[in-house]
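Student: Spelled out, the chains give:
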Amino acid sequence: MQKEIFIIPSVAADKSGYEFLCELYDDMHSVEKMNIYINFARCRSFDANLSAVLGAMFDKRQKEGCTIYLTPPQAPGVRRALSRNKFFRAFDINTDNEDRENYIEYHKFGVSDTQQFKQYVDSELVQKERFPACTENAKTKIIESIYEIFANAVSHGGCSHVYSCGEAHTRKGKSVLDMTIVNLGLSVVDNVNHYMQEKNQPILTSCGALDWAFVEGNTTKQITGGLGLAILKQFVGLNEGRIQMISGNAMLEIENDNHTETQLDKYFYGTIVTVEFNCDDNKTYLMTDEIPDKKNLF
Amino acid sequence: MAIIKINDYITLNQGITSEEGEPIYKMIVESLSKNEDVTLDFENVTFLTTAFLNVVIGALYKDYTSEQLQTKLHVMNINDETAMRIKKVTTNAKSFYENEAKFNEAVDSSIYGNV
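Chains as they are written, first to last, in the working numbering: chain A, 14 to 311; chain B, 72 to 186.
Okay, the calculated bits of chain B under chain A, using three or more residues with CB under 8 Å as the criterion: (1) 82-88; (2) 110-124; (3) 142-154.
Calculated from the structure, these hints are not laboratory results. All of these numbers come straight from a predicted model, not from anything done at the bench. C-beta: ideal position from N, C-alpha, C; glycine also.
Please work from the sequences and hints to get the whole structure.
Tutor: This is the structure in structure tokens:
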């Protein structure tokens, strides 16, 4: 028994792209323990960072007993994008155009693979001399932000793995780094609204739930928290970057002080966070007047 | 006096997940429960996330007051970034546990009435 699913001609990190990926998830879950053929033949354009979403979905179905086969794309652009971040290699497709410095390898991490994640960041970002081309100060803040996203994903999702990849490129003349981290745990929407129910608070809209998660001090955990995403938002604002979060049937995009909320027609069973960091950043982020008295921290 | 060298319990000089922070939290609690002073030594530590610090330090505010921690908990070899993050975490933790206590009081009062 087998099922074949075609990837649509263009999959971008936007409403229709995410809705397609949600549909793909549903399609793949409509069969049990089958061979699933994912056919890229019709695909002409695929946003490389979305390979972390594909990887998460394929991996889940494989763990559930399906076998996934990928039919390589014919379009050179798609083939290049998914080869250079080693996504195809992760699914046993040999390619010959890998190892470009501007791609951050697709990788899967267990929620306890903290050391492996640190080594990944070190080899994929810190050790790449030409990449990203930004000041040491901005680079440090970017790496700290990536750690905050990872820490948030492994502690909130109720998931077993997180999936990551990235790409450095230019947008509107700016040198930028896109990082995507995906988990297929409980969505932020469900998480926040379970918490609201527990606290006898009004249920939030799906987009409202994502917004809530970025407010400093807001946490659904039993212990203190709620700082990671707020710090990320604050830094990305100063860095003039962008954040995109997809979870449940909501998409939230944050750029400067603008929060754009988009309701999706499909449901994503997990959370995707993509951050576009601006690498052309000369700011000094540590203001000496903000340094607290080290004898009075508690 | 117990001295906990943070770098002995993390890898690559960075503490990023709450899981990494749990053993340190347990050691601090063990010492505080014996009324010992505790010094957290941050030598060679390059970066700690708020998720890590929430478990190591923030969670202490569930059972200890700010005054108790100010007297019993000390830091050494700490860089400016880590000090700023700890301050953020402790400020947030105080407010979180204060609100939790108020919420629990309100729930008790709505169930059992004002006694």
